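Okay, here's what each chain looks like letter by letter:
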Amino acid sequence: MTNNIPLPPVKRPLGLTILSALMAAGAAAILLRAVIVHSAGLGLVFRSVCALLVAGIALGLWKLWNSARVFLFFLLVLEIAGCLLALFLYALRQSQTRLAIELVVIVGLSAFVLWFLQTLDVRHAFGEASAWPNTVKALVLTIFTGLLAFPFFWMAVATFKENLDLYATENNPFLFNLEPTLEHLRYLFTQTEYAQWLLNTAWVGLAVVAITLLLAVPAAYALARLTGRWGERLGIAIFLTYLVPPTLLFIPLSRVVAILGLQDSLWSLVLVYPSITVPFSIWLLMGFFKSIPKELEDAAMVDGLTRFGAFIKLVIPISTSGILTVVIFSFTLVTQEFVYAVTFISPKAKQMVGVGVPNFLVLGDVYYWGALMAACLIASLPVAFFYNLFLDRFIAGFTVGAVKG
Amino acid sequence: MAVATGKIKSMGAAKSPLLGFAMFSPAILYIVLVIGLPFVMAVFYAFSDARIGSNELHFVGLENFRSIIQSPSFQKSLQNSIVFTIASQIIVMVCANILAIALEKPFRGRGLVRFLILLPWVAPVSLGTIGWKWILDSIYSVITWVLVWLHLVKPFDTPMWLGEPRLAMTSVVLVHCWRLIPFSTVILLAGRTAIPKEIPEAAAIDGAGFWRTTFQINLPMMKPIIAVALLFGTIFTFTDMTVVYILTAGGPFDSTQTLPSFAFATGITGSDLAAGAAVSVFLVPVLVLIAYLMLRMAHRAEMA
Chain A
236 MTNNIPLPPV KRPLGLTILS ALMAAGAAAI LLRAVIVHSA GLGLVFRSVC ALLVAGIALG
296 LWKLWNSARV FLFFLLVLEI AGCLLALFLY ALRQSQTRLA IELVVIVGLS AFVLWFLQTL
356 DVRHAFGEAS AWPNTVKALV LTIFTGLLAF PFFWMAVATF KENLDLYATE NNPFLFNLEP
416 TLEHLRYLFT QTEYAQWLLN TAWVGLAVVA ITLLLAVPAA YALARLTGRW GERLGIAIFL
476 TYLVPPTLLF IPLSRVVAIL GLQDSLWSLV LVYPSITVPF SIWLLMGFFK SIPKELEDAA
536 MVDGLTRFGA FIKLVIPIST SGILTVVIFS FTLVTQEFVY AVTFISPKAK QMVGVGVPNF
596 LVLGDVYYWG ALMAACLIAS LPVAFFYNLF LDRFIAGFTV GAVKG
Chain B
1331 MAVATGKIKS MGAAKSPLLG FAMFSPAILY IVLVIGLPFV MAVFYAFSDA RIGSNELHFV
1391 GLENFRSIIQ SPSFQKSLQN SIVFTIASQI IVMVCANILA IALEKPFRGR GLVRFLILLP
1451 WVAPVSLGTI GWKWILDSIY SVITWVLVWL HLVKPFDTPM WLGEPRLAMT SVVLVHCWRL
1511 IPFSTVILLA GRTAIPKEIP EAAAIDGAGF WRTTFQINLP MMKPIIAVAL LFGTIFTFTD
1571 MTVVYILTAG GPFDSTQTLP SFAFATGITG SDLAAGAAVS VFLVPVLVLI AYLMLRMAHR
1631 AEMA
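Quick mapping for you: the protein sequence lines, in order, are chains A and B. In short: position in the first sequence from 1, add 235, done, that's our numbering. In short: position in the second sequence from 1, add 1330, done, that's our numbering.
Calculated from the structure, these hints are not laboratory results. This structure is a prediction, so every number in the text was calculated from the model and none was measured. Since no wrong hints were added, every one of them can be taken at face value.
Dumping the calculated BS3-like pairs for lysine-lysine here, alpha-carbon to alpha-carbon at most 25 Å:
#, chain 1, residue 1, chain 2, residue 2
1, A, 529, A, 548
2, B, 1527, A, 372
3, B, 1527, B, 1553
4, B, 1553, B, 1435
5, A, 548, A, 525
6, A, 246, A, 298
7, A, 372, B, 1435
8, B, 1527, B, 1435
9, B, 1553, A, 372
In silico negatives: residues of chain A with every beta carbon more than 12 Å from chain B:
#, residue
10, 264
11, 269
12, 282
13, 287
14, 297
15, 313
16, 395
17, 500
Backbone N, C-alpha and C fix where the C-beta goes; we use that ideal spot for every residue, glycine too.
Starting from the given sequences, assemble the full structure and let the hints guide the process.
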């Protein structure tokens, strides 16, 4: 509709056609080689993926998709960096002349293609954009994502590796030198109390969620609605108690727990954990309740409901998503807490998963790394997944006041 | 009609103080009992001779403080707590700002990238830290393997990541950074999206490049949100004991001991509740300072 003036058709520069043809040929060559050398298993998968990738870029360049250009650019930058590293760290220091020459040639070729992808004609074909900003962004994201997610990737690798492979320093740790195994998982669930720890954590988590909701929902509503300006001030005061860390309170609380006779009982955690969930939950829910128009409740009260009735029958049902946020928040905090759990509870069978794994999966000085890593991964991923779904709401709770938008 | 609702609303408000009080008092009571009371007890214990296994309590004045201040372990812990917090916060702020810029505009696969970046923050700390313990293992460390493979270190003279004081301290700082970068990134991201789009656009039309827009427009406008990320980051690092406890247990030779982990070692492991409480009371000045700064920010936001 908007394209009343026909744009002149974009011409594909000849170099680009040649480049994509070369890459398509390269993809075919990789596939052919995979078939000829009869590679199987991981090798075949790896080669096929490579071939697909190269073919994809070739097609993208042909069709003038800018993302293909940026991706190729990004790969070339990585390649140059890798080759230079290899050149200076290895080839030159070990006087490997042939390898050094090869590396220099590769760097030269890559640099030439980089330069070509930025020439005026090519830029014009892709809509005038420079490839650098997106490439730098992709590089930054790749490096950070790699570093931040690496421990979890590494847990996954260790989970499925044979012990012989895991503890052989001469083996490349990034590869499966022996067939993957489920032995560690079997050990974890049959020879250790891990399943019990997961159950303990789930039980304490549910109990804490219930208590948090009972305490925080009415309090947040009262502070948001009923007490005017003082509500706001009390809300901030409650939020500040969230800043008091367990590492300050665990010593006196250990005495309190002992006096109440709750030592080594999961009830001690059920009693204490709401102190980390309630303040922040009140704060989150206050913001939530304030966004519900007062007129709705007033209308309900005209219809004969009491204030409390309106709260139960009207406000709570509309606030399901806020309440759900508090549920997830409280549950994940319970799985993350460490200080109270390690202080109050010592028997092996009653551990929370966050303490049991580091303290009780180690026998004497022997670390069963495969099982340990499996234990970490299994407990981390679901928690991380649900927390991630609701993260934006928590962040809104942290940033209230500093961001208006 | 409008008048009628107004009247009813005011009637409701006039009737409700008792109900309001009944609704928020359980939570307040709980907070006072489980946060307020232990807080006072912590300070009180610091001036007493409380020990695990004995119910007697005597007031001993500044005795605990006198003895811990002279202990070299305590001095090292205090120094480490400050150094670890400042070093990690500097690294976190730089990296989180870079990441927030890279993540700001939507692109395909952003959801997945965000999930992967957030993993260190959203997964349980103690479990993520064990992952690092394996990565930094003295024999099977993957970092060592890569360094040997690159011929940067000799196979029989590999670094002991958690066994040498300097390397252990660096490792603790980096694990703290690893854990806090995701948190600060999402906070800064929330701040960036709140900047009115017209301002950077106008600057771009006036010929301001990427660096000028970043340093002269975006960063100054994000000051309050950077402060929020910094204050929470400081609290989370300064009061954390999990990373140190799992990674090094304070060793080698107390070189990575921090105030919280030292408080645990003396108060719980060493059964000397009073000394442990005295150590943890040293966290209070920092907490008070941060609470004050936050209140000031909240006040400013209210005024604006």
